[in-house]
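With chain V fixed as given, assemble chain B onto it according to the hints.
Here is how the chains run, residue by residue.
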Amino acid sequence: MVAIDAGARAAGQVAGDRRTLARRAHVVLGLLCAGSMAASLAIGPAGTSLWGALGQMLRGEALSTLDAVVLWDIRMPRMVLGALVGAALAVSGAVLQGLFRNPLADPGIVGVSAGGALGATGAIVLGASLPTAVQAVAGPYLVPVCAFLGAWMTVLILYRIATHRGRTSVITMLLGGIALGALAGACMGVLVYIADDAQLRDLTFWGLGSLGGATWSKVAISGPIILAAVLAAVLLGRALNALALGEAAAHHLGVPVQRMKTLAILCVAAATGSAVAVAGAIGFIGIVVPHLLRLSTGPDHGPLLINAALLGASLLIWADVIARLIVTPAELPIGIVTAILGAPVFLWILLRQRGSLMS
Amino acid sequence: MSLSARGITFVLGGTTILHDVSLAAAPGEVTAIVGPNGSGKSTLLRILSGEERATGDVSLNGLHVSPGNARDLARMRGVLPQAANMAFPFTVIEVLRIGQQAGPYAGAHHVPEEALAAVGLGGYAHRFYHELSGGEQQRTQLARVLCQVWEPVLDGRPSWLLLDEPVASLDIGHQLVIMELARRYADAGGGVVAVMHDLNLTALYADQVALMQEGRMVAAGAPGTVLTDEILSRAYGCHLRVNVPPPPGLPYILPHVARLAG
Numbered sequence: 001m002v003a004i005d006a007g008a009r010a011a012g013q014v015a016g017d018r019r020t021l022a023r024r025a026h027v028v029l030g031l032l033c034a035g036s037m038a039a040s041l042a043i044g045p046a047g048t049s050l051w052g053a054l055g056q057m058l059r060g061e062a063l064s065t066l067d068a069v070v071l072w073d074i075r076m077p078r079m080v081l082g083a084l085v086g087a088a089l090a091v092s093g094a095v096l097q098g099l100f101r102n103p104l105a106d107p108g109i110v111g112v113s114a115g116g117a118l119g120a121t122g123a124i125v126l127g128a129s130l131p132t133a134v135q136a137v138a139g140p141y142l143v144p145v146c147a148f149l150g151a152w153m154t155v156l157i158l159y160r161i162a163t164h165r166g167r168t169s170v171i172t173m174l175l176g177g178i179a180l181g182a183l184a185g186a187c188m189g190v191l192v193y194i195a196d197d198a199q200l201r202d203l204t205f206w207g208l209g210s211l212g213g214a215t216w217s218k219v220a221i222s223g224p225i226i227l228a229a230v231l232a233a234v235l236l237g238r239a240l241n242a243l244a245l246g247e248a249a250a251h252h253l254g255v256p257v258q259r260m261k262t263l264a265i266l267c268v269a270a271a272t273g274s275a276v277a278v279a280g281a282i283g284f285i286g287i288v289v290p291h292l293l294r295l296s297t298g299p300d301h302g303p304l305l306i307n308a309a310l311l312g313a314s315l316l317i318w319a320d321v322i323a324r325l326i327v328t329p330a331e332l333p334i335g336i337v338t339a340i341l342g343a344p345v346f347l348w349i350l351l352r353q354r355g356s357l358m359s
Numbered sequence: 001m002s003l004s005a006r007g008i009t010f011v012l013g014g015t016t017i018l019h020d021v022s023l024a025a026a027p028g029e030v031t032a033i034v035g036p037n038g039s040g041k042s043t044l045l046r047i048l049s050g051e052e053r054a055t056g057d058v059s060l061n062g063l064h065v066s067p068g069n070a071r072d073l074a075r076m077r078g079v080l081p082q083a084a085n086m087a088f089p090f091t092v093i094e095v096l097r098i099g100q101q102a103g104p105y106a107g108a109h110h111v112p113e114e115a116l117a118a119v120g121l122g123g124y125a126h127r128f129y130h131e132l133s134g135g136e137q138q139r140t141q142l143a144r145v146l147c148q149v150w151e152p153v154l155d156g157r158p159s160w161l162l163l164d165e166p167v168a169s170l171d172i173g174h175q176l177v178i179m180e181l182a183r184r185y186a187d188a189g190g191g192v193v194a195v196m197h198d199l200n201l202t203a204l205y206a207d208q209v210a211l212m213q214e215g216r217m218v219a220a221g222a223p224g225t226v227l228t229d230e231i232l233s234r235a236y237g238c239h240l241r242v243n244v245p246p247p248p249g250l251p252y253i254l255p256h257v258a259r260l261a262g
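Read top to bottom, the protein sequences are chains V and B. Every letter in the first sequence is one number past the one before it in this note's numbering, and letter 102, counting from 1, is 102. Every letter in the second sequence is one number past the one before it in this note's numbering, and letter 211, counting from 1, is 211.
Note that these hints are calculated values from the structure, not bench results. Accuracy of the hints is not assured; some may be wrong.
Not the full set, but computed from the structure, chain B residues with beta-carbon under 10 Å of chain V [what the hints assert, rightly or not]:
hint	residue
1	I93
2	A108
3	P112
4	H174
Distance ranges between label pairs, derived from CB positions [to be verified]:
hint	chain 1	residue 1	chain 2	residue 2	range
5	B	E214	V	L350	40 to 48 Å
6	B	T9	V	R160	54 to 62 Å
7	V	S296	B	V177	32 to 40 Å
Glycine included, C-beta positions come from ideal geometry on N, C-alpha and C.
This is chain V alone, in the form it adopts within the complex:
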C-alpha cells in the first residue's frame, strides 16, 4: 500500500485511487507482451535465429526456405495462437469472476472449459456422421462452434445453479462446477469409446492441451471470435464494477443487469470455447492472471480486463516456451505447465479466503 500511495500522490491523485497505476500497467504489460512475442519467435529447437533472419530481411536478402518455414509457418502462428488463447482465458476468468462476484471462478475449475471440450469432442467424433452437405458448409468451423455451444450451455446451467435471487453461493458454484465438469468428462469418455482410430488420433493431439498444432487456419478461425469477445468484455468493465456492489445496486447505478449478464456469459463462452477448440483445455490462466492484477493494481474492471488480456497472452506464450524447451526434442502439454504454475496460486487464494468461506 505504501508504494501504491506514493505512486498515486506523485500523480497528483487522491490516495487509494489506483487508476493511474493500472493505466501505467497497460504500458508495462504491453511491453512485456511484445517482448514475450519476440522471445517466442526467437526460441525454438530449430537453429533459426530471429535476429539473423531480421537482419537478412533488412538487408534485402531472401531467407532460406527452412528459416522462412520455421519462422513464418511454425513459430509465428504458434505465437499468435498462444497470445490469443492466453488473452481469451485470462479475460474469461476476469469476467466470470465479476459475474459470480468471486475471485475463485475460473473457466477451468467451474467446468466451462470441460463443457467446451465436450462440444469439441462431439464435433470431432460425431461430425463425420453429419450429412456431407452440412460438413461442407460447417467445415473447419464445426469444432469451434460446438466448443462455444458446450461452454455456453455450461455457463448458463452453472449460473442457474449458483445464483438465486441475485445472490451467488460460492460453495454451490464450485460444487456445481465440479459436477458439470465430471458430467462433461463422462460424456467425453463415451465419445472416445465410440470414436474410430482416426478420430482417436485427432482427439489425442487436441485433448492434451497444446499449441503444437498451431496453423494459420486455426488462427484465422479462432482469432476473430476471441478478439471480438475480448473487446466486448472490455466494454463491460464499468457494468462489472457496479455488479461488485450486488445486482440491486448495479440496477440503481443504471446497469441493465439482465442484458449485461447475457452479454458477459456470451463473451466467456465465445472466448473459452474458441480457446479450447484450438488449444485444448488449459487451466489456471483465468484465475492466476486476474488475481495478480487485482493485488497489484486494484479490482477496477476497466483497466483490469485490458491488463488481463496482455498478461494472459504473455503468460501463455512463456508457458508454451517452457513446454517446448523443458523436454526437447519432445513437448510437454502446455496444460501441465499452467497447472504447475497456477494450482499453488489457486490454493493460496483459497487460504486467504478461508475465513469468509467457512461462515
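Chain B only, in chain V's frame:
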C-alpha cells in the same frame, strides 16, 4: 417534478406484500416511510427505485419508473441499500468512483472528496472497504450514492435520494450527521425518501410521514398528524404516547413496554 406511486400492488409467491399503496413525495422535502417490521416499507422503496416490478404506476420527475429505464433513472436518483458487500478489495475512493461514473458528475474531480467529508469520512479515501466497520461501510455507501446525484437540483430538475434505513448501524452522533445531510439535501431542492425505524429521528427530520401496516398505507401527512398516540399504537400493536416537550416543540415517542395491545 415529484416521485409518485399510484395503486401499487405487489404479490410475491402468492402472498400480497403491498395492497393498493399510493405515495407522493415532493422535492424539497424529507419523506419518511415508517411502520412495524414486515409492513412492506423496504418493498415499497424497491418498487420506487425500479428494482421490482409491481402493478400500478411509479413515476420520477415525470419518467416512468421501470427496470428498462435504469440508465436514465440513475442520473436522477441514487439508492442507499441496507447493507452492501463488495465482491473485490476496492478502496473507499474506488467505491465512490463507481457511483460517480453512473451519474452526471463523472468528470467532476472534487465530488468524491467532498462527499467523503460530508459523511464524516475525510481521510478514508485510501482505506480498503472490506476492512471498515459496519457503520463506516454504511457511510461509504452513502457517499457513493451522493457522488451519483451530487447536486440536489440539476438543470432545474430535482435529484432524489432513496435511503433504506440510512442510520440503521450508526451510533447516535453519526445518525444525526446523516439525517442532517438528508435535511440539507432536501432544503437545497432535492428529494429524499427514507425508510426509517427511529420515530424520534423521523419526527425531527421528516416533512412528511407515510405510515405502513401489513402492506397498506394507513396514514400519510405531516409528522404532527401521523405521529399521534392513537395511530401509532394501532400500527405498532403497543401503547405509545407521543409527547411534546416545551419549546422547541418537536414530538417525541416513549414506548410503554409493560402493556401490549390485545
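Verification of the supplied hints:
{"no.": "1", "hint": "I93", "verdict": "holds, 4 Å"}
{"no.": "2", "hint": "A108", "verdict": "violated, 13 Å"}
{"no.": "3", "hint": "P112", "verdict": "holds, 7 Å"}
{"no.": "4", "hint": "H174", "verdict": "violated, 21 Å"}
{"no.": "5", "hint": "B/E214 x V/L350: 40 to 48 Å", "verdict": "holds, 46 Å"}
{"no.": "6", "hint": "B/T9 x V/R160: 54 to 62 Å", "verdict": "violated, 29 Å"}
{"no.": "7", "hint": "V/S296 x B/V177: 32 to 40 Å", "verdict": "holds, 36 Å"}
In the structure shown, a violation is registered for the earlier hints numbered 2, 4, 6, in ascending order.
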